[in-house]
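Colleague: Read off the chains here:
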Amino acid sequence: MHSPNTRPISVTVDLTHKTAYRPFIADADVAIQSADITPAQEAETILANLPLEPTVERIAIKHLDLFYGSFQALKDINLSIASNQITAFIGPSGCGKSTLIKSLNRMNDLIDGCRHTGAILLDGIDIDTGINVNLLRKRVGMVFQKPNPFPMNVYDNVAFGPRTHGIKGKAQLDEAVEKALVDAALFDELKDRLKENALGLSGGQQQRLCIARALAVQPEVLLMDEPTSALDPISTARIEELVVQLKEHLTIVIVTHNMQQAARISDKTAFFLLGELIEAAPTQDIFMMPQDERTADYVAGRFG
Amino acid sequence: MLGKLILSFLPRASTPSGEPSSSENSPLPAATAPSEASPSPGASLPPGAPQKPKVSGALKEKLAHIVFFIAASICIVAVVLICFFLFANGVPAIVQIGLPEFLTGDVWRPSSGEYGIFPMILGSLYVTAGAIVLGVPIGILCAIYLSTFASRRSVRLVQPGIELLAGIPSVVYGFFGLVVLVPLIRVFFDSFFGMHIQGMSILTAAIILAIMILPTIITISKAAIDAVPESYYEGALALGAEHERCVFRVMVPAALSGIMAAIILGVGRAIGETMAVVMVVGNQTHIPDSLLDGARTLTGNIVLEMGYAADLHREALIATAVVLFVFILLINLLFNVVKRGAKI
Chain A
1 MHSPNTRPIS VTVDLTHKTA YRPFIADADV AIQSADITPA QEAETILANL PLEPTVERIA
61 IKHLDLFYGS FQALKDINLS IASNQITAFI GPSGCGKSTL IKSLNRMNDL IDGCRHTGAI
121 LLDGIDIDTG INVNLLRKRV GMVFQKPNPF PMNVYDNVAF GPRTHGIKGK AQLDEAVEKA
181 LVDAALFDEL KDRLKENALG LSGGQQQRLC IARALAVQPE VLLMDEPTSA LDPISTARIE
241 ELVVQLKEHL TIVIVTHNMQ QAARISDKTA FFLLGELIEA APTQDIFMMP QDERTADYVA
301 GRFG
Chain B
1 MLGKLILSFL PRASTPSGEP SSSENSPLPA ATAPSEASPS PGASLPPGAP QKPKVSGALK
61 EKLAHIVFFI AASICIVAVV LICFFLFANG VPAIVQIGLP EFLTGDVWRP SSGEYGIFPM
121 ILGSLYVTAG AIVLGVPIGI LCAIYLSTFA SRRSVRLVQP GIELLAGIPS VVYGFFGLVV
181 LVPLIRVFFD SFFGMHIQGM SILTAAIILA IMILPTIITI SKAAIDAVPE SYYEGALALG
241 AEHERCVFRV MVPAALSGIM AAIILGVGRA IGETMAVVMV VGNQTHIPDS LLDGARTLTG
301 NIVLEMGYAA DLHREALIAT AVVLFVFILL INLLFNVVKR GAKI
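Residue numbers (this note's numbering), protein chains in the order written: chain A, 1 to 304; chain B, 1 to 344.
It cannot be assumed that every hint is accurate.
[Unchecked claim] Covered stretches of chain A (chain B as the covering partner; in silico rule of three or more C-beta atoms under 8 Å from a C-beta of chain B):
#1 98-111
#2 143-154
[Claimed, not checked] Derived DSS-like pairs: lysine-lysine, alpha-carbon spacing no greater than 30 Å straight-line:
#3 Lys195/A with Lys146/A
#4 Lys247/A with Lys170/A
#5 Lys195/A with Lys168/A
#6 Lys179/A with Lys146/A
#7 Lys146/A with Lys339/B
#8 Lys195/A with Lys339/B
It is worth saying that the hints were derived from the structure and are not from the lab. Think of the CB as a built atom: it goes at the ideal place given N, C-alpha and C, for glycine as much as any other residue.
Using the sequences and the hints given, assemble the complete structure.
Modeller: Right, dumping it as structure tokens:
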């Protein structure tokens, strides 16, 4: 990955001979649409196409109030989720952390009487108004608390997402399935069991299969709602390892009850209490020098 | 039939269980102390001998156990008795007529000693198949609609309708068929195809039966789809699938064995239905050669002739019931196999 200042900005390129300069341009990942754009415009295009650096904001939550009927589950949440980082939501049961993560891919739409004010922006686009909900869920994948593979074979489980989004050719599907399984560190274990029913896998394998299934649609963000709470320590360790690997390509948001887990894997931690975001900071700061007394009490295990 | 037996037994079953336990408790009010959760006097009385409640509790448990056991045994006894009666009375006739002649003979003429039930077997199969072809798609789609698409208000509207459909006596269905469907089919085929048919036909019976099996198929399919874990739906939705895709590619396949079970029960219901079919199917004892031809079913054969049959004729009718019984047994076997598949 290039950082912005080392990237060759090809404003001086003679655009009428663009084929000759392909090697340079390809290096900059820039698709030049037409020959008559100004250098300034081109510079802008290049900047817009730069790979997102870790500090780039991927999701912004702005003044989010969420209600279940008359009960207010989230109170004025403001939070920024950075690209290619693991953001952990912690807090005691009922603090709203699961509600918040489910808002990020609009799974709360399923719940009757759930409404919200404020906005959630994905790359600056309001997820409620600016994007089709199915496309949003393609870009923002989710892994649930309890492994929920479909009652079909391993292959069909992983292929479900790509098929949903219009991939039909067998070769393409095979490739997508293999890639997802490799990414989820499952391929070696399951490559000979692709036609077996997924419900016959162990709990840890099922959960990694669910991760593979989510990865198969190539999401940009992966939401994980207590992904290891139903698993044994060894499976948990494997998933944690996997999650850390995945952040290279993905933005990950993880809800966890397990503070050690948050401390081990996350880059940023947000602490919630009774529907309020008490504190959000780099994970080290939250655990080593929390600013709020309630955060300090919680991470020290004095309540929760 | 079994259900009726159980039902008729239930009220009697509750009295013996109620009486002994109360007569046992009255001399020992302490037995109904707070732990027994009885709202009556016990609570205000001082705690008596602490051992006694235990003894009476154990006795009560034993009594309840016996009562339940008797209730369960009666079902089994009924099944065994029916089985025994049918086979004891029917098998000799089959032996006398000869199994191949009985099953594959295409002439049923008791007056001249010809007992071939092949036309009736075909009649039953055709009518049932017709009912399945018409009823199953409607029933399953209705179940899917009720379970995954319908608003709560429309469920509230449709559900009682289906329950009512299940409760209508079959003679009423038959009557409806006779006065509405039969003339309708007669006029329809007359005016559109110039065919002069009587109207009492396999098609008519199949339509009536299709309506009659709808409640069975809808209720059981709906239960199967409702039982699919919500997490499958959420999982599919979270991958960006639309509602329809979640339903038809995940929920329905997951409920498939339950839906199959519903279809099989529907088949059982259709093949055993008698009254409504007899009223609209024509009851001719020849091999039907089209959907618009009349036919006779196994059940119809029994009910139409049992009143006046005697000797071998009578036994041949019981043997017809044996054949029907074997069909039902096979269907139940299939049902159990499919249901076992549902659990894996």
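Colleague: Could you work out which earlier hints the structure fails to respect and list their numbers in ascending sequence?
Modeller: Violated hints: none; all satisfied.
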